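K.L.:
Sequence:
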Amino acid sequence: MTLDLSLLPDGGMSWLDASGPESDIVLSSRIRLARNLRGRAFPVRAAPEDLMIARDEVLAVTNESAVLHPVTMFRLDELDLLERQVLHERHMISRELAGLERARPVRQGAALLTNGELAVMINEEDHLRLQSLRSGFDLERAYGQLERLDSEMGSQIPFAFHPEFGYLTACPTNAGTGLRASVLIHLPGLVLTKEIAKVLQGLSQVGLTFRGLYGEGSEVVGNFFQLSNQTTLGKSEEDLLDHLATMVRQVVEYEQRARVVLQREAPTVIADKVWRAYGLLRYARSLSFEEAMNLLSGVRLGVGLNLIRDVSVYTLNKLLIFTQPAHIAEREGRALSDPELPISRATYVRRLLEEDAERRGPGGGAD
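Numbering (this note's numbering), first residue to last: 1 to 367.
Source of the hints: derived by calculation from the structure; they are not laboratory data.
Keep in mind it's a predicted model, so treat the numbers as computed, not measured.
Please note: incorrect hints may appear among the correct ones.
[To be verified] As a list, the in silico DSS-like pairs of lysine-lysine whose alpha-carbon atoms are at most 30 Å apart:
#1 Lys-318 - Lys-273
#2 Lys-235 - Lys-318
#3 Lys-273 - Lys-198
#4 Lys-198 - Lys-235
#5 Lys-318 - Lys-194
[Claimed, not checked] Pair ranges (Cβ atoms, derived):
#6 Glu-253 - Leu-59: 25 to 31 Å
#7 Ser-19 - Gln-156: 31 to 37 Å
#8 Phe-165 - Arg-264: 32 to 38 Å
#9 Thr-72 - Arg-104: 22 to 28 Å
#10 Ser-14 - Thr-209: 22 to 28 Å
#11 Leu-81 - Pro-267: 25 to 31 Å
#12 Arg-148 - Pro-21: 36 to 42 Å
#13 Thr-209 - Arg-75: 30 to 36 Å
#14 Ala-335 - Asp-4: 52 to 58 Å
#15 Arg-282 - Asp-239: 17 to 23 Å
#16 Ser-6 - Leu-59: 17 to 23 Å
#17 Glu-253 - Val-44: 36 to 42 Å
#18 Arg-360 - Gly-39: 56 to 62 Å
Note that CB positions come from ideal geometry on N, CA and C, so glycine has one too.
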């Protein structure tokens, strides 16, 4: 099987268009619902043949889904490592479903069903992870879409449910609603003003957690953080979403204040930082992934402060995804270990930034 993402609108990444609320700071909003099939062993304990049966049961329902239509399926156990990593880098599947670790290879029966905005991951840690991903700070609409899919599937497939504990999941922290809501947020102002540790500590005290760009188990690069609820048991879906939304609004406000402070107290230092980042991206001949992420963070800050007008947020979002290792390797027909990838990355970045500057014309640039 060959990965063909042209089957999906926007390659499965419509959130890149930066059309959602607060999209200069909040890149995307994601809702995931964990569900398991009643009477069947969870994937972590299931035999390979049971995983295949579970997948077929789900396919029989989703092929007729009105909410997912038109649906595209990717059988992950038939894709190679590079193709699975591309899906992971696009935030379409988790690291576990992609089987990116030697200790936990891709499971038989692992699959992704998606129409671009909505998706169903099959045979990850749980039988089903229903997912909605939207541009900007838009948790309410993301959940509204996913709730319809959950209701549709739940009316045709009996889910594992306990009257006291709610939806049953492989990990106890997901039991109850099975809901994980998160936002991918860019916080360079708080990092530069050295307020980030205090803000993150405050979030942990009110039941939220943070992760890196790729979610659980990933490191923070480029000042991008994923903020999400930590537990799902004992509260309703509405309560969990309201709590996260309230906290994210506060963090966005803190970030905006930090940017005002930076402009007021160190305008030359900040201007120098963002323009150096832009210059390196425009003219560098070799870029590591970590360096590219950090430089993109600087340029994104410059765009948010209206210091740089030659670059659109859409282009920055696109670079965030398409400069990742598997995307560079897949586009160039190279191996992930190829030492030429940093050169290819720099070439790609220069081309996109040059095209963006040309499209935006002579009205762009600095004040």
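K.L.:
Output the numbers, in ascending order, of every earlier hint that fails for this structure.
P.N.:
2, 6, 8, 11, 12, 14 and 15
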